[in-house]
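> Note that the protein sequences, when read in sequence, are chains A and B.
No gaps in the numbering here: position 84 of the first sequence is 84 in this note's numbering, and each next residue is one more.
No gaps in the numbering here: position 250 of the second sequence is 663 in this note's numbering, and each next residue is one more.
Hints are supplied without guarantee of correctness; some may be wrong.
Stated by the list, open to error - With a cut-off of at most 20 Å between alpha-carbon atoms, the simulated EDC-like pairs for lysine to aspartate or glutamate come out as follows:
1) A:Lys44 - A:Glu17
2) B:Lys701 - B:Asp426
3) A:Lys290 - B:Asp685
4) B:Lys701 - B:Asp436
5) A:Lys290 - B:Asp715
6) A:Lys44 - A:Asp19
7) A:Lys129 - A:Glu161
8) A:Lys44 - B:Asp715
9) A:Lys44 - B:Asp677
10) B:Lys701 - B:Asp685
11) A:Lys137 - A:Asp159
12) A:Lys44 - B:Glu610
For the record, the hints were derived by calculation from the structure and aren't laboratory data.
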Amino acid sequence: MATERFLLPDVGEGLTEADILQWHVAPGDTVEVNQIIVEIETAKAAVELPAPFAGVVGALLVSVGQTVPVGAPIIEIETVSLDALPSDSAPALLVGYGPRDTSLHRRRRVAPAPVLTVVPAGPAPVLAKPPVRKLAKALGVDLVDVAGSGPGGVVTRLDVEAAATSSGVSAPSGAPSAVEERVPVRGLVRHMAAAMSLSVSTIPHVTVLLTIDMSATMELRERVNARPEFADARTSPLSFVARAALLALRRHPLLNSVWCDDPQEIVLRPAVNLGIAAATERGLIVPNIKDAAQLSLLELSTALRALAATARAGRSTPADLRDGTFTISNIGVFGVDAGTPIITPGESAILAFGAVRRQPWVITASDGSEAIEPRWVTQLSLSFDHRHIDGQAGSRFLADIGATLTDPALALL
Amino acid sequence: MIQLLDADGVRRDHPDYPLSISDGELRELYRDLVLVRRIDTEATALQRQGELGLWASLAGQEGAQIGAGRALRSQDYVFPTYREHGVAWCRDIDPVHILELFRGVSLAGGWDPSAHNMNLYTLVIGSQTLHSVGFAMGVVRDGMVGSGDTAADTAVLACFGDGATSQGDTNEAFVWAAASNLPVVFFCQNNQWAISEPVEKQSRVPLYQRAAGFGFPGVRVDGNDVLACLAVTRRALDDARSGQGPTLIEAYTYRMEAHTTSDDPTRYRNADEVARWAARDPIDRLRKHLDSRGLLDARFLDSVGEQSEQLAVRLRAATRAMPEPDPLSAFDHVYAEQTAELAQQRGQMREFLDSLEEVG
Chain A
1 MATERFLLPD VGEGLTEADI LQWHVAPGDT VEVNQIIVEI ETAKAAVELP
51 APFAGVVGAL LVSVGQTVPV GAPIIEIETV SLDALPSDSA PALLVGYGPR
101 DTSLHRRRRV APAPVLTVVP AGPAPVLAKP PVRKLAKALG VDLVDVAGSG
151 PGGVVTRLDV EAAATSSGVS APSGAPSAVE ERVPVRGLVR HMAAAMSLSV
201 STIPHVTVLL TIDMSATMEL RERVNARPEF ADARTSPLSF VARAALLALR
251 RHPLLNSVWC DDPQEIVLRP AVNLGIAAAT ERGLIVPNIK DAAQLSLLEL
301 STALRALAAT ARAGRSTPAD LRDGTFTISN IGVFGVDAGT PIITPGESAI
351 LAFGAVRRQP WVITASDGSE AIEPRWVTQL SLSFDHRHID GQAGSRFLAD
401 IGATLTDPAL ALL
Chain B
414 MIQLLDADGV RRDHPDYPLS ISDGELRELY RDLVLVRRID TEATALQRQG
464 ELGLWASLAG QEGAQIGAGR ALRSQDYVFP TYREHGVAWC RDIDPVHILE
514 LFRGVSLAGG WDPSAHNMNL YTLVIGSQTL HSVGFAMGVV RDGMVGSGDT
564 AADTAVLACF GDGATSQGDT NEAFVWAAAS NLPVVFFCQN NQWAISEPVE
614 KQSRVPLYQR AAGFGFPGVR VDGNDVLACL AVTRRALDDA RSGQGPTLIE
664 AYTYRMEAHT TSDDPTRYRN ADEVARWAAR DPIDRLRKHL DSRGLLDARF
714 LDSVGEQSEQ LAVRLRAATR AMPEPDPLSA FDHVYAEQTA ELAQQRGQMR
764 EFLDSLEEVG
């Protein structure tokens with residue numbers, strides 16, 4: 001048995017760091033050579049890394065969400081076969097570790113410092129799981145000073161607590177929750193912050209709201225979902241809102257344009273790449289369905305499901321996220337009714353679809369008599385870029401969507 | 414497009430490219446295809462593990478490379494790109510030498526070109542087409558073309574990709590090869606993508622049709638059909654050796670993986686396209702054909718599988734055991750004979766190295 005550490009490689013010529021997206025193994029798992037163990041995200045792409053050693057996972061040295069410098073150890077594997085290793089015990093030369101890593105330079109000039117003493121090796125990195133590290137930080141314990149009692153020398157929670165007591169480091173009297181937590185901004189959150197700030201600071205937003213009775217669409221949806229071809233692709237109310245918006249965009253192409261500053265012009269897009277704002281574990285992303293206006297309801301419904309599943313699994317590709325032209329945000333799934341959505345940079349408008357609720361609605365019969373009935377009611381909120389879309393154009397577009405959802409037979413016209 | 418084996422593995426005949434091939438030869442082609450793919454997947458994994466600086470995958474192009482490589486005679490000479498792992502395999506070059514290059518520990522360039530009749534990998538796009546033409550001029554002056562001696566007459570195989578057809582070097586090579594009627598076979602693997610540039614943005618005509626303008630024949634072959642690539646290349650090499658001049662072969666194929674491990678193809682091509690080409694996989698196709706002829710018994714498959722795993726284990730161990738090169742050896746391979754200037758530089762490098770001391 002030997003403990004091998006896998007150092008984060010530079011998988012793309014000149015990268016210096018990567019974010020850990022997902023571990024596919026846990027301590028105690030047996031891994032084979034080339035089995036995918038972790039997914040990382042570099043500045044270039046999301047990449048899966050295969051295990052370089054066969055054996056049993058000893059410890060994961062970095063956690064999901066952590067940004068790790070190239071060359072840092074990320075996993076320990078207890079190897080079971082010595083045959084798989086080079087015969088000498090010296091670590092093999094690793095080449096994929098980027099241009100900035102100096103630890104591989106094993107020589108230094110003699111001349112400037114002729115009296116050269118042995119350079120002390122730095123402290124060995126300490127093995128401890130992230131919650132234990134957090135506890136150590138909260139208790140003011142330096143993990144380097146703690147002897148680990150866990151398997152493979154891993155520092156445990158008990159070790160940290162014992163160290164805190166024996167060294168006289170007084171634990172804060174209050175609960176650890178009194179400690180202010182600082183979360184580094186990285187990855188998607190950083191991207192979201194930049195995109196939203198850019199949008200709000202450059203685009204004069206205006207938002208219009210419309211409340212509609214979409215009972216006819218909800219009835220249509222039941223009939224559609226009963227059809228055999230929709231058995232595996234049941235439509236959601238969002239499918240119909242998307243379809244209505246796509247039809248309206250054909251009549252109002254300005255809403256599918258983008259303002260260009262230099263030279264000042266309005267770029268009308270030939271196709272609608274329909275973005276759907278998706279909340280994922282890693283943060284907000286807006287993948288889009290390419291040329292969505294060409295899709296039938298069945299195709300659109302299928303595409304929406306696939307898009308959501310891909311986004312939730314964290315597998316949206318850069319291509320999925322690029323070149324969107326119009327966005328829908330399905331805020332109703334969170335139980336809210338309306339909002340003032342922020343336009344995705346590079347687009348001109350965003351539609352928020354609120355919760356669909358049973359609510360009282362005034363129905364006017366053909367003889368003019370009025371009654372109040374419970375109906376499926378929802379709110380649509382549209383933000384648009386007021387530089388080139390005025391209140392009339394934006395309002396007519398929203399009213400168009402509302403009309404189709406109120407009476408879906410209008411789609412036939 | 415010339416095809417002798419369709420996507421379902423059904424054998425077709427073509428009047429211009431008859432191919433008689435034994436069951437044993439078919440099986441050996443299959444073995445070649447599987448083994449070179451195994452080299453490729455292992456090398457990709459080694460790059461992801463930090464053992465190689467870079468890797469250029471040949472996945473999807475095995476049929477084109479093995480077909481062309483197995484059409485060569487021992488006296489023929491190859492000028493490759495940096496992706497010719499399958500052709501190198503046919504030239505008996507140990508893949509370990511290729512991994513040395515991609516690990517950056519081979520200052521001699523990988524292997525002895527004259528021992529294998531295959532020049533070193535060339536990273537500059539298209540420049541090897543000029544080298545091949547120059548080499549072919551030498552072949553002609555040595556009287557090794559059209560002599561009728563099948564063991565002496567020599568052809569030159571110039572490998573390049575669709576992107577290289579946009580390079581000046583390649584077009585100059587076409588001009589010289591045509592004007593001097595040189596024994597060169599220009600073997601273009603059109604894998605559809607010059608990194609992120611699709612071939613349709615580079616040419617208004619199919620690439621093989623360009624040959625007509627230079628004055629020599631051009632032919633498009635299904636690059637995922639190893640039998641068609643073998644037959645078409647064999648005939649072009651025969652023509653070259655017998656003094657009938659150059660041929661341009663466009664092997665129509667697809668790069669299934671990224672351009673190199675540093676590239677992310679999802680940024681410029683869609684999954685549908687990749688899936689369409691996956692259905693035309695060169696190995697699947699030959700497997701279906703062998704199966705339909707009852708040539709896929711368990712013993713054969715086991716032997717291929719075992720050989721492939723042994724190869725992977727050997728490559729992995731050899732890669733990890735590769736010694737660091739002697740920095741001074743960089744000076745040994747610039748010219749056949751050392752020049753005074755290089756000798757001086759070598760001395761300066763030696764002095765510099767002597768001023769350093771091991772600390773780790």
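> Given the proposed pairing of Lys701 (chain B) with Asp436 (chain B), does the C-alpha separation stay at or below 20 Å?
holds, 14 Å
> Need the status of pair Lys290 (chain A), Asp715 (chain B): alpha-carbon distance at most 20 Å?
violated, 45 Å
> Within 20 Å, alpha carbon to alpha carbon, are Lys701 (chain B) and Asp685 (chain B)?
violated, 23 Å
> Taken at face value, is the distance from the CA of Glu17 (chain A) to the CA of Lys44 (chain A) at most 20 Å?
Roughly 11 Å between the alpha carbons, so the hint for Lys44 (chain A) and Glu17 (chain A) holds.
> For the pair supplied as a hint, Lys44 (chain A) and Asp19 (chain A), is the alpha-carbon distance within the 20 Å limit?
Between Lys44 (chain A) and Asp19 (chain A) the Cα gap is close to 11 Å, so the pair holds against 20 Å.
> Take the C-alpha atoms of Lys290 (chain A) and Asp685 (chain B), compute the straight-line distance between them, and say whether it is at most 20 Å.
Cα-Cα ~13 Å, so holds.
> With a cut-off of 20 Å on the C-alpha distance, tell me whether Lys44 (chain A) and Asp677 (chain B) pass.
holds, 7 Å
> For the pair we were handed, Lys44 (chain A) and Asp715 (chain B), check the Cα-Cα distance against 20 Å.
Between Lys44 (chain A) and Asp715 (chain B) the Cα gap is close to 39 Å, so the pair fails against 20 Å, i.e. violated.
> Is Lys44 (chain A) within 20 Å of Glu610 (chain B), Cα to Cα?
Holds. Lys44 (chain A) to Glu610 (chain B) sits at ~18 Å (cutoff 20 Å).
> Within a Cα-Cα threshold of 20 Å, do Lys137 (chain A) and Asp159 (chain A) meet the stated pairing?
OK: Lys137 (chain A) and Asp159 (chain A) at ~13 Å, within 20 Å.
> Do the alpha carbons of Lys701 (chain B) and Asp426 (chain B) lie within 20 Å of each other, as the hint requires?
holds, 17 Å
> Checking one constraint from the list: CA of Lys129 (chain A) to CA of Glu161 (chain A), max 20 Å. Satisfied?
holds, 14 Å
Hints 5, 8 and 10 from the list above are not met by this structure, while the remaining hints are.
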